[in-house]
Amino acid sequence: MSGITIKEINSEPLQNPISVRGGRGLAKRIIPCLDIKDGRTVKGINFESIRDAGDPVELAILYSENGADELVFLDITATIEKRKTLVELVKRIAANINIPFTVGGGISSVEDVAILLQNGADKVSVNTAAFKNPSLLQQLSSEFGSQCVVLAIDTKKEADGEWYVYLNGGRTKTDIKTTQWATEAVSLGAGEILLTSMNNDGTKNGFALDITSVLSGSLPVPVIASGGAGSMEHFKEVFETGKADAALAASIFHYKEIEILALKKYLSLHNIRVRL
Amino acid sequence: MVAIIKYNAGNVQSVQYALQRIGVESIVTDDEAAIQAADKVIFPGVGHANSAMQYLRERQLDHLIISLKQPVLGICLGLQLMCKHSEEGNTDCLGIFDEQVKFFPTSQTADQKIPQIGWNNIYAYHSRLFTGISDNEFVYTVHSYYAALGVSTVATTDYIIPYSAALQKGNFYAVQFHPEKSGKVGELILKNFINIS
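Which chain is which? The protein sequence lines are C and X, in order. Letter 215 of the first sequence, counting from 1, is numbered 215 in the numbering used here, and no numbers are missing. Letter 6 of the second sequence, counting from 1, is numbered 6 in the numbering used here, and no numbers are missing.
None of these hints come from the bench; they were simulated from the model. Just so it is clear, CB atoms sit at the ideal spot from N, CA and C, and this is done for glycine as well. Do not rely on the hints blindly, as some may be mistaken.
Unchecked claim - DSS-like, lysine-lysine: derived pairs with alpha carbons at most 30 Å apart: (1) LYS82/C <-> LYS102/X; (2) LYS184/X <-> LYS243/C; (3) LYS102/X <-> LYS84/C; (4) LYS236/C <-> LYS184/X; (5) LYS91/C <-> LYS102/X; (6) LYS102/X <-> LYS256/C; (7) LYS6/X <-> LYS69/X; (8) LYS173/C <-> LYS91/C; (9) LYS265/C <-> LYS191/X; (10) LYS265/C <-> LYS184/X; (11) LYS102/X <-> LYS243/C; (12) LYS184/X <-> LYS91/C; (13) LYS91/C <-> LYS191/X.
As the list claims (entries may be wrong) - Simulated restraints on C-beta separations: (14) THR203/C <-> SER197/X: 53 to 59 Å; (15) GLU184/C <-> GLN112/X: 47 to 53 Å; (16) GLN112/X <-> ASP175/C: 30 to 36 Å; (17) MET1/X <-> SER108/C: 35 to 41 Å; (18) ASP30/X <-> LEU261/C: 40 to 46 Å; (19) ASP175/C <-> ASN195/X: 55 to 61 Å; (20) THR29/X <-> ASP175/C: 49 to 55 Å; (21) LYS204/C <-> GLN100/X: 21 to 27 Å.
Could you build the full structure based on these sequences and the hints that come with them?
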């Protein structure tokens with residue numbers, strides 16, 4: 001009798017992987033974003049008016065318990081105390097939550113990144129500083145690995161129908177197309193793209209499916225779609241049509257218009273793989 | 001006391017915080033005597049296999065790790081360094097496990113990107129690390145290289161191909177995913193490791 005293979009002895013009986021709880025493989029991620037100023041959570045509506053939505057650590061714990069797959073903290077503090085308060089906040093977050101988190105906002109050097117990672121951040125996101133000095137992406141990926149380097153791009157569709165890169169929180173237009181910058185950034189070491197559509201952000205009319213799908217289909221790294229989430233269906237669309245690997249939203253979660261667990265159950269019912 | 005090995009790869013702080021959350025005290029150290037005296041040793045790591053092995057060899061931490069008799073848990077790069085060889089920088093590793101570490105093959109479907117970043121399932125458990133964990137639970141994972149399936153495989157994950165999510169041989173345990181970032185499931189796996197007697 002030589003019909004028994006090692007596989008059958010050492011592991012569970014072979015079965016159709018698709019039959020097991022919706023199959024196996026990487027899940028689509030739901031990522032609440034917390035904008036931080038002076039240690040408090042804020043949310044810019046179309047990058048302008050801001051409203052207070054609570055203590056970041058409290059909110060982070062709540063989100064992680066409710067099924068968030070990851071968290072993003074964007075620090076918009078512009079004072080000289082910024083680094084110190086941000087590091088203290090990162091320590092408190094890392095000590096209190098058991099899911100990964102990304103920190104961004106004004107990060108411009110290897111030293112900035114080293115101190116955030118040492119204090120418990122899993123990834124950092126860079127935006128304007130990387131655009132102005134693309135070698136920063138190379139330095140960060142060779143020093144810390146591209147898995148912790150997220151490139152954030154604020155993008156806007158102009159009258160010519162093309163998507164352009166904007167800097168400084170959306171205040172400064174550039175002549176560079178988003179696909180061009182994203183492709184270059186990935187070749188330099190960006191491990192993930194966080195794509196925010198300024199046309200959609202704050203509208204609650206849905207994500208920018210076209211540019212999300214173009215980037216996700218052409219880049220070898222994950223794309224996180226951001227800007228425009230207003231309903232559960234919008235998340236379904238951005239995963240199905242937009243081919244996003246993850247979707248990020250802020251105010252609809254902060255103001256409890258959509259609960260993360262309910263959203264993930266909805267997506268699962270529509271055959272989108274999520275962690276439940 | 002749990003000793004977390006300090007070296008040039010890591011996000012060791014996250015592991016220490018995770019242990020704190022389950023009520024376990026730990027020290028982060030590269031001191032030989034302190035590591036040998038610990039009840040449990042955790043060998044974490046995020047980074048590059050070649051530079052990490054070089055660092056370990058320069059400090060003779062390589063000999064120390066393979067000589068440990070208490071339960072040892074490798075995490076992520078820690079798992080890969082405990083294998084025989086890694087394609088990352090063509091690196092000879094510690095050789096505790098016979099499994100080979102390879103770069104993910106190119107996926108046939110465009111949606112499987114490298115590195116794998118996010119939550120994936122673990123299944124086919126053969127270790128007390130997974131006591132009380134249901135089949136196909138999700139864990140958080142970030143990597144471009146994987147340990148192939150082999151005799152030491154005690155949990156599997158499918159991504160492009162099936163690979164070793166966990167390895168075990170004697171007192172040596174290792175997981176490719178990050179239990180310190182894997183929510184309640186990860187906390188239970190860490191507790192299971194701490195409770196090994």
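Hint-by-hint comparison with the structure:
1. LYS82/C <-> LYS102/X: violated, 42 Å
2. LYS184/X <-> LYS243/C: Holds, at roughly 29 Å.
3. LYS102/X <-> LYS84/C: violated, 40 Å
4. LYS236/C <-> LYS184/X: Given that 30 Å is the threshold and the Cα spacing comes to 26 Å, the pair holds.
5. LYS91/C <-> LYS102/X: violated, 34 Å
6. LYS102/X <-> LYS256/C: This hinted pair is violated, its Cα atoms lying about 44 Å apart.
7. LYS6/X <-> LYS69/X: holds, 19 Å
8. LYS173/C <-> LYS91/C: Violated - the C-alpha atoms of LYS91/C and LYS173/C are around 35 Å apart, more than 30 Å.
9. LYS265/C <-> LYS191/X: Answer holds: LYS265/C to LYS191/X is near 29 Å, not above 30 Å.
10. LYS265/C <-> LYS184/X: Given that 30 Å is the threshold and the Cα spacing comes to 19 Å, the pair holds.
11. LYS102/X <-> LYS243/C: holds, 28 Å
12. LYS184/X <-> LYS91/C: holds, 20 Å
13. LYS91/C <-> LYS191/X: Given that 30 Å is the threshold and the Cα spacing comes to 23 Å, the pair holds.
14. THR203/C <-> SER197/X: 53 to 59 Å: Given a distance of about 58 Å, which is inside 53 to 59 Å, the answer is holds.
15. GLU184/C <-> GLN112/X: 47 to 53 Å: Since the Cβ atoms of GLU184/C and GLN112/X sit about 23 Å apart, the hinted range of 47 to 53 Å is violated.
16. GLN112/X <-> ASP175/C: 30 to 36 Å: holds, 34 Å
17. MET1/X <-> SER108/C: 35 to 41 Å: Since MET1/X and SER108/C have Cβ atoms about 40 Å apart, the given range 35 to 41 Å holds.
18. ASP30/X <-> LEU261/C: 40 to 46 Å: holds, 42 Å
19. ASP175/C <-> ASN195/X: 55 to 61 Å: 60 Å Cβ-Cβ, so the 55 to 61 Å window holds.
20. THR29/X <-> ASP175/C: 49 to 55 Å: holds, 53 Å
21. LYS204/C <-> GLN100/X: 21 to 27 Å: Distance hint for LYS204/C, GLN100/X is violated at roughly 50 Å.
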